[in-house]
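In order, the protein sequences belong to chains P and W.
Counting in our numbering, the first sequence runs from 1 upward without gaps.
Counting in our numbering, the second sequence runs from 1001 upward without gaps.
One or more hints might be untrue.
[As the list claims (entries may be wrong)] Here chain P is said to cover these stretches of chain W; the calculated rule only asks that three of the stretch's residues, wherever they fall, bring their Cβ under 8 Å from a Cβ of chain P:
no., stretch
1, 1143 to 1156
2, 1230 to 1236
[Stated by the list, open to error] Partial list, derived from the structure: chain W residues whose beta carbon lies under 7 Å from chain P:
no., residue
3, Phe1129
4, Glu1136
5, Val1137
6, Val1159
7, Asn1165
8, Leu1166
9, Ile1170
10, Leu1173
11, Gly1177
12, Tyr1180
13, Gly1181
If you're looking for bench data, these hints aren't it; they were derived computationally from the structure.
Built from N, CA and C at the ideal position, the CB exists for glycine as well.
One-letter residues, chain by chain:
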Amino acid sequence: MEQVLSVLIGILVASAVYLMLARNLLRFLFGLILLSNAANLTIFVAGRLTPGAPPLVPDGLDAPVGAVANALPQALVLTAIVIGFGLFAFALILAFRAYQSLGTLNTDEMRVAEPEEIK
Amino acid sequence: MSWYLTLPLVIPFVAAIIAYLLRSSPLGAWVSIIGSGLGLIASIALMAVVLDAGVVAGQMGNWPAPFGITLVADLLSAVMVLITAITGFAVAIYALGDITERQAKLGYHALFQILLAGVTGAFLTGDLFNLYVWFEVMLIASFGLLILNGGKEQIDGGVKYVALNLISTILFLTGIGLLYGMTGTLNFADLAVKVNEVENQGLLTVVAMMFMVAFGVKAAVFPLFFWLPAAYHTPSFSVSAVFAGLLTKVGVYALIRMFTMVFDHDIGFTHTVLLWVACLTMVVGVLGAAAQSDFRKILSFHIISQIGYMVLGLALMTPLALMGAVFYLVHHIIVKANLFLIAGIAKRLTGGTDVYKIGGLYKSAPFLAVLFLIPAFSLAGFPPLSGFWAKYIIVKATLDVEMWFVAFIALAVGLMTIYSMTKIWAEAFWKPHPDGIEPELKTLPHKTAQILPVAGLAVLTIIIGLNPEPFVLFAERTTEQLLDPTAYITTVLGEAS
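Only chain P is shown next, with the shape it has when bound in the complex:
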């Protein structure tokens, strides 16, 4: 399973890099979300994939009994997904505003803040 997921992560990163190298801001953002999903999967796989029982603590005990799945990577991934979602929403709105006020999504044409030197 680890191998399959590793290959998947590789494909995600490769397509993300391909998309992010484009001049179009929207493509860049799509690449970004693929990359952040690849990162989430990395955390998930790095936390070991074990067919363990759910990590539930029985009544009256302090620790779960027997072998249980590691819940921490899932907690990390969950946090990362939420944060990534928020940031991506912001970035999308920013791209929309950029299109409205600058009239382009081509990053090469975004030269308002750093105008080219007039020779």
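Chain P is already provided as a structure; the job is to place chain W on it using the hints.
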């Protein structure tokens, strides 16, 4: 739970909520000032506790480390929190005369307080994933501040800032995942112990490089700095001052923390990379500044070149060099924030930030000229100001390890810094205004609110410069803690480990 660890975090959040509720009233700005003032008091209290105890730690939710989230303050964290609070307080006052009613209504003061909370949290946390969360708090607040009520310029700068910072965030997250996979822990203190047990040390170096790139983007080192000069000259002056002072330093802090405590297994490789990065950062930053004509763009490129000095201190990894890096961090935050605040006053007096199109400040506003000269000379490293000692320690450290070429670069970059500062001085202050305007400080709205923080920060530079001994001794103690994290580890994990 230790109140002195949580208060510097709780106060800005509470202030942010109140400031947001009062955003339409002029009271919002005062909430921000009072909040920052209380934050300053809390961080002084934290400093007092840490000076006494060395390292203090608190486990949130009473889960023992390494399972719960730990807040730790060693001397480095404490001094960074203190300097953040000082800068925050100064900029909060300055905002009275800088932030428009419209920006305040959109929630400027609330975002500003959240930014301070994010920065403080990043300095105080003892957990790698928690550091990521604080980075995000800081990042989203900075996104908001950058484009608040923005026009074309702000949106344009914002796009580049957001894009590059998000990539660094994802790299950081991937690095966290891989490091967790290898060590099974995220607690700094626990990591410092567990990395020694990792069998595949080569893989560890790979992960270390991922962290170096991720933090390198935040710290704006060569060749990852391009978001900084694209964005820092666009927002309001309060915002760029607090960005310039604090944000890149969080990246440097994270580099120092990780590459002294956790990734010290292959110094020969990682720190040599850092050394090259540091030299190139210094040179490229200062050359970039020489080519600019905008007040804030010149200053932005100087942030980059100065970051190089701090990374150089880390790269050499000798006690003296690290001490220089710590000293440099503190000195640079004060000076850089101050210069951006002065740029704001200069803009309001003369009507622009392009140094070739403004002028006459020396003749009609000599007091402002003096206030500019102090941080400018300090940045360039003139004795007896704080920058002189910072540069002196770093250069001395390079000479001690007989890296003549590196020492030469450090000194040459210092000279080039003077060149840029003289350019600002000659154009904006010395020559008469091309349009014949004679800007006077008297005409400045909210004069006291703008001059007071600038003067206060300038006085701090002079104090550090004239009386460096206690600060140097402090930096020395900090370095001892960094190079020997035993106290840090035992405080966090308890005596048993």
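Evaluated hints:
Counting residues of the stretch 1143 to 1156 of chain W whose beta carbon lies closer than 8 Å to any beta carbon of chain P gives 8, which meets the minimum of three for the stated coverage. Under the rule that three or more residues need a Cβ within less than 8 Å of chain P, the assignment of the stretch 1230 to 1236 of chain W holds, with 4 such residues. Because the smallest distance between the Cβ of Phe1129/W and any Cβ of chain P comes to about 6 Å, under 7 Å, the interface hint for this residue holds. At about 5 Å, the closest approach between the beta carbon of Glu1136/W and any beta carbon in chain P falls short of 7 Å, and the interface hint on this residue holds.
Interface restraint check: Val1137/W against chain P, minimum CB-CB distance 9 Å, threshold 7 Å, status violated. Given hint, Val1159/W at the interface with chain P, holds; its Cβ is 5 Å from that chain's nearest Cβ, closer than 7 Å. Against a cut-off of 7 Å between C-beta atoms, the interface hint on Asn1165/W is violated, since the closest Cβ of chain P lies about 9 Å away. The beta carbon of Leu1166/W comes within 6 Å of a beta carbon in chain P, closer than 7 Å, and the hint placing it at the interface holds.
Given hint, Ile1170/W at the interface with chain P, holds; its Cβ is 5 Å from that chain's nearest Cβ, closer than 7 Å. Against a cut-off of 7 Å between C-beta atoms, the interface hint on Leu1173/W holds, since the closest Cβ of chain P lies about 4 Å away. Taken as an interface hint, Gly1177/W checks out: its beta carbon lies about 3 Å from the nearest beta carbon of chain P, inside 7 Å. Below 7 Å, beta-carbon pairs count as interface contacts, and Tyr1180/W has one with chain P at about 6 Å; its hint therefore holds.
At about 3 Å, the closest approach between the beta carbon of Gly1181/W and any beta carbon in chain P falls short of 7 Å, and the interface hint on this residue holds.
In summary, the structure is inconsistent with hints 5, 7 from the numbered list given earlier, while agreeing with the others.
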